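Start from chain A and add chain B according to the hints.
There are 2 protein chains.
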Amino acid sequence: MVRTPRQFKEKQDIEVKTEHRVTKIDPKEKKVEVVNLAKSEREWVPYDKLIIATGARSRRLNIPGSNALNIFTLKDLQDGIRIRNYVDEKRPRRGAILGGGFIGLEMCEAFRLRDMETFLFCRRDLPAGNLEREISEKILKELEENDVHFMAYYEPVVFHLNSHGEVTSFETTQGSYPVDIVLIAAGVIPNVEIAQEAGVELGKTGAIRTDAAQKTNLSDIYVAGDCCEVFNLISQDWVHTPLGDIANKQGRVAGENGAGGKATFLGVVGSAAFKVFELEVAFTGLGTRAAKQYGFDVDSQMIEAESKVGYMPGAKPIFIKLIFERKSGRLLGAQMTGKEGVARRINTLAVALHQKMTIDEIARLDFAYAPPFSAPLDPILIAAEQAAKKIVR
Amino acid sequence: MVRTPRQFKEKQDIEVKTEHRVTKIDPKEKKVEVVNLAKSEREWVPYDKLIIATGARSRRLNIPGSNALNIFTLKDLQDGIRIRNYVDEKRPRRGAILGGGFIGLEMCEAFRLRDMETFLFCRRDLPAGNLEREISEKILKELEENDVHFMAYYEPVVFHLNSHGEVTSFETTQGSYPVDIVLIAAGVIPNVEIAQEAGVELGKTGAIRTDAAQKTNLSDIYVAGDCCEVFNLISQDWVHTPLGDIANKQGRVAGENGAGGKATFLGVVGSAAFKVFELEVAFTGLGTRAAKQYGFDVDSQMIEAESKVGYMPGAKPIFIKLIFERKSGRLLGAQMTGKEGVARRINTLAVALHQKMTIDEIARLDFAYAPPFSAPLDPILIAAEQAAKKIVR
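Going down the list, the sequences are from chains A and B.
Sequential numbering of the first sequence, starting at 1, is according to the working numbering.
Sequential numbering of the second sequence, starting at 1, is according to the working numbering.
Looking at chain A on its own, in the form it has when it is part of the complex (with noise of 0.2 Å):
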C-alpha cells in the first residue's frame, strides 16, 4: 500500500522479500532460517544485526464453530478486503460483533453502511470498558442512536453452522441469536513465538520485552511494533499497546540502532482516539482504575462544555473528564467524547502529561481562541479550573 519492493531496491537499496517466512532464529550462530513460500525451499540467512518486527494476531475464540466461513477477523488490509467480498456476496441481513474495542466499535458503523442489523456482544455491561464509565455511556448512547444492538454481559458458547460451515445461529450464555456474518474483535495476540524459541525475553505482558534502544536480551536483536512492550511513563511500567503510531516510533529507533546509532524510544503517555460513527472519542495517561492499581491517590472532574463559541455553526457539546493525583493536583489521565473538535484537543492534554503538569498549570494555559475553533476559555482550561477547585494541598 506505502511502498513497493522495487521502491525499497530503487529509493534505499533494501532488498524486500515478499513470501519469505523467517522460522527459526539462531542467535549463537547469528543467522535465521527462511523459507521461500513460492518455491518451498528452506535456507540460512546470515545477519549482524536483527531487527524482529513479528506484529501481532487477532484473537480468536476456542468455542465450537470458531473456523465457519462467515466468522472474520480485522487486522490487516487482507482482512479488510475478505469481510468486504463477502459481503459484497454474501449480502448478509444480520452482523454480530464480538468485543466492544475501537474494532468493535468502528465495525458497528461499517455493518450499519451495509444496512446490517448489528449486535454488538460485550462481556461487560458497556462498550470500550476500559474507559471511564462516563465516557463508555456516551459511546452507547451513539450505538443505540445509529440502531446498533448493545448486547450487555454476553459470554458466548457456540456458533451454529448450516451444511456450507457457514453461522447460522450465535448462542450465548444469554440467548440465542440468528446470524449472517460474524466478526471477532477481541484484541491481539503478539506475535513472539519464533523469538521465544531462539531465547529471546518475553516482559510480563507476554509481549517482547526491551528498552528505551529497542534492544532485546540478545546481543544484536532488536525489536519494535505490536509484538513488543512500551514504556508508560506515568505509571512506569512496561505495557503492551499495539498502536501504529508507537510502532512507528519503535521502528524508527530499533533501524537506528541496527545501523550503529544511539537513538533512544522514552516511551508513551497512552494517546489514542477512535471514532464511532459520528462520535470522537480521545483519551491519553491513565483512567481512573488503572491510577488506582499503580497506588496513585486520585480525583477526577467531568465536564460538559462547547466546542466552540455557541453561536458557531457546528458548535456541539465536549465532555472531558480529568483524573489527576489528589494532593499534588498532577495530571494522570483525560478523557474526552463529542462529535466535534474531540481528537485534535486531547494531544494538549499528552504534552502535559509528558510534562508533568499541574492541573492548576494547565488551568493558566494560554490556547489560541477564535470563535469558529473554540470559545475564549477552552473546554480543556474549564475542565482544568473546574478540577483545580477539588485539589487538597
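No wet-lab data here; the hints were simulated from the structure.
Computed from a predicted model, the values in this text were never measured in an experiment.
All the pointers check out, no bait thrown in.
When the alpha-carbon atoms are kept at most 30 Å apart in a straight line, the in silico DSSO-like pairs for lysine-lysine are as follows:
no.	chain 1	residue 1	chain 2	residue 2
1	B	K292	B	K356
2	A	K11	B	K316
3	B	K389	A	K262
4	B	K390	A	K9
5	A	K316	A	K389
6	B	K339	A	K316
7	B	K356	A	K356
8	B	K316	A	K75
9	A	K49	B	K389
10	B	K215	B	K204
11	A	K262	A	K204
12	B	K262	A	K389
13	A	K316	B	K316
14	A	K389	A	K356
15	B	K262	B	K356
16	B	K39	B	K11
17	A	K215	B	K389
18	A	K339	B	K316
What follows is chain B alone, placed relative to chain A:
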C-alpha cells in the same frame, strides 16, 4: 448578548449600570465621577476597590474624508450591525478594506459573501504582515482564489465624498479607486485616558501597566482586558495583545483580587487563530523577526504534511513553521496554516512553549493517532523531527 443587567442582579447581586459613563477617577478620595447619560446627571460614586476595564477602540485614519457615512470600523456588535444595515440598505458593489490583520482578513470573507468586489489595501507586500512570509503567502493565495484584490504597498491619501457625505472614491499613493463602502481595520487603541488622567501608569506600549495580580501603580485600582498590557512569557516582555481570551482571564484575576483574593495571571505565550475563507491560520510564541529582536539566536523549519491519513476523506495539506533557538533547540514559536485541522493543533505547541520544551522533546511526544484525525506521525511531530536535525549543539 451574554447576560442582562437583571441576570447579574438576580444571580450575583451585582448592580450593572448601563448608560452610565465614568468620566473621572479620584484615587485619593477613592471615588469616580459618573454621568448618567439618560438623565444627563453627574455624580461622584465612592469605591473600595476599582477595576478598570475600559477596553480599546478602533484606530481611525487621519486623512480627509474619514468621517464619511460609509466608512466603518469593526470592534463590537454594534459596529457589525451598522455595517450589515448599510449593506442591506445600500447594496454596495465595491468594498475597500484597509488593513491586512485578523479583522481585515475576516471581513474579506464577509464582503465576498455579500457579492461585493473586494479590495484589500495593505501597507506591506503581504497580508498578515506580522506572520512569517511563508504563512502570509498562503493567505494571499487564499484571498486570490476567492477573488479578493490584494493591493500591496498602498498608503491612503484622501477619501472623496459625494454630496450625501459618502465616499465614492479612495485615493492612495498608488492610484484612485471607486468604492461604495470602506472598512478601516487598522488595529485598536487602548482606552487609557481616564486612567492616565488619574495618575495610573502606562507601559511603553501605551496600554495600562499592570502586574501578575492585575494591579495598577495606584492602590486599590486593578485593570483587565484590552486597555492593559500582558506579560509575554517567551519574550519576557510586557506587550499589548488585545484578545478576548486574555481579557477573560485577566478579568477573573482582577475580580478575585479586588474581592480580597490572591490570584495571579502569569502571562501568555502569544497564541491566536483566525480563519480566512476556508484557510485556518494559527500561531503561538514568537515569529522569526520578533525572536531575533529579543536577542534569540534563531533558526526555523517549514514543513508540509497531510492533516490526516491521505486516504481519508477531507485530508488537506497543512503547513507548519517552527521557530527555535539554534543551539538549545528550545521552541520559540510556531505558525501553521491549512484548510483542515490547524487551529486546534497549535495548542499542543502552546503547551510546549509554556514548558520551554526543545524541538527534540516535542518530536518524542505521544499523540493520539487515528486515521480520521491524523497520520501515524502527526504533522507537528514531522515538523519537530525535521527541525531537530538542524539543532547545532
